[in-house]
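Chain by chain, the residues:
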Amino acid sequence: MSTSWPLWEVFVRGKRGLNHVHVGSLHAPDAEMAVRNARDVYTRRNEGVSIWVVPAEAITASSPDEKDPFFEPAGDKVYRHPTFYAIPDDVPHL
Amino acid sequence: MSFDNAYESLIDHEDTHWAFGTGFHTALEGVDREVPATVDRADLVAYCLMLGDDSLVLSQRLAAWCSRAPELEEDIALANIALDLLGQARLLLTRAGEVEGAGRDEDALAYLRDEREFRNVHLAEIDCGPGPGGDFATTIVRLLVFSSWKIAQFSRLRGSADPVLAAVAAKGLKELAYHRDHAAQWAVRLGDGTEESHRRMVAAVDRVWPFVDELFHASAVEARLAGVAVDPAELRSEVDGVLDAVFEASGLTRPEPIPTAFVAGQAGREGVHTEAMGFLVAEMQHLHRSMPGAVW
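Heads up: the sequence lines are chains E and U, in that order. Each residue of the first sequence is one higher than the one before, starting from 1 at the first, in my numbering. Each residue of the second sequence is one higher than the one before, starting from 1 at the first, in my numbering.
Treat the hints with care, since some could be wrong.
[Unchecked claim] Cross-link-like lysine-lysine pairs, in silico, DSS-like; alpha carbons within 25 Å at most: (1) 174(U) <-> 15(E); (2) 77(E) <-> 67(E); (3) 15(E) <-> 171(U).
[What the hints assert, rightly or not] Chain U residues, not near chain E, derived (Cβ > 10 Å throughout): (4) 35; (5) 106; (6) 114; (7) 116; (8) 130; (9) 175; (10) 195; (11) 227; (12) 257; (13) 287; (14) 288.
Derived from the structure by calculation, the hints contain no laboratory data. Please read all numbers here as calculations on a predicted model, not as lab measurements. For each residue, glycine too, the CB sits at the ideal point set by N, CA and C.
Using the sequences and the accompanying hints, generate a full structural model.
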C-alpha cells in the first residue's frame, strides 16, 4: 500500500495539571481521527482530561548535534537565576 | 514544578496507587439494589438477560478484530469498544443472577447457558468480519446501527422503575456516545472515500439491513414490563433519524425496511438464533467449560 497515515504527536493534560504533557505519537488519517485514536491509545487508564494532537511535521526540533552551542552557555550564568529574594509560601504557581 | 518525570503532572498525588491511572471509582456505587415490589422478578431476569446478551455477544464479535484491524490504533479502538460492552454485560448479567436468586453469577450466566437460552438480537451475533463473514466496513455499519439503537434504548431506560437498570443505562450512555461517534466518523470517511470503500459500504448496509427490523419488535416480556423496560417500537423514528443523517454525509441511502425472518413468530428475544450463534457460543464458552472453576 503506498498510502500510509501521517504521524501525530499527542499531548495530554491531567485532571490537576496546568499544561499538556507529551505522551507519545500515533498514526491517523486526519485530525479528528487523531484525537479519537489518542483518546483510545493514551487515556485508557484515566490519565487525563484534555488531548492535543499536532502533526509531527509541524514540530521543529533542536538537533542533538547543536546541543553544546544551544544549551552549555546557560550553565554557568548564576546571575540569570532569581534566587536573591524569598517567594512567599502561599504563591504555589509562580 | 519538576520535569524529571514527564507523567508527573498527570499523577493524582492524593490517590496512592500505581504510577498513573488513579482516581478510579467502583461502578454503580450507592445504587439501591432492592427490586421494586410492583415488578415481576422472572420478567426482570429475562429482560436483564436480553440487554446483557446484546452487549456480551457484540463484545465477543468485536474482540475478533484485535490484531486483525487495518491499523494498530483501530485494534485498540475496537478492543476498547468491546471492553465497554463487556462491562455493560457484566453489570446486566450480575443483576439478572441477583434477581433470579438461584446462585448464578455473571460467569455462570455467560459461560454455562446453552445457545437457546441466549436472548440477544440477531444483529449482535452475525459475523461481520474479520474473515469471510464480512469486512471492516460491515463491522462499522453494524456498530453504527447497534449503538444508535442502544443510545435510543438506554436514554429511555434511565427512567426505569428498576434502579439498577436506570444506573446501568446512565453509565452506558457515555460509552455508547463514543461508540456511535467512532462508527459515524468511519462511515463518513469510507462512504465518501474511494470507489472501493464506497462499494464496500453499500454492500455492508445490504448485509446488515435484514437484521434491523428485529430491533423494533417488542417481545412478550418487554410488553409486560411497562415502566421497567423500554418499548422497542418507540425507538424506530429516532434511530432512523440518526442513520439518515450519517448516511447522507456518507453518500449512502437507508434501504426500505426488511421484515424480520421470524421462525414460528420467534427470533433472538425468544432464544431462536441464526446459524452463526452456535459457533460463537462454543468459542466463547469453551475455555470455561473445559476447566470448570479455574481462576487466573
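Hint check results:
no.: 1; hint: 174(U) <-> 15(E); verdict: holds (19 Å)
no.: 2; hint: 77(E) <-> 67(E); verdict: holds (17 Å)
no.: 3; hint: 15(E) <-> 171(U); verdict: holds (20 Å)
no.: 4; hint: 35; verdict: holds (32 Å)
no.: 5; hint: 106; verdict: holds (23 Å)
no.: 6; hint: 114; verdict: holds (35 Å)
no.: 7; hint: 116; verdict: holds (36 Å)
no.: 8; hint: 130; verdict: holds (17 Å)
no.: 9; hint: 175; verdict: holds (12 Å)
no.: 10; hint: 195; verdict: holds (14 Å)
no.: 11; hint: 227; verdict: holds (36 Å)
no.: 12; hint: 257; verdict: holds (31 Å)
no.: 13; hint: 287; verdict: holds (25 Å)
no.: 14; hint: 288; verdict: holds (26 Å)
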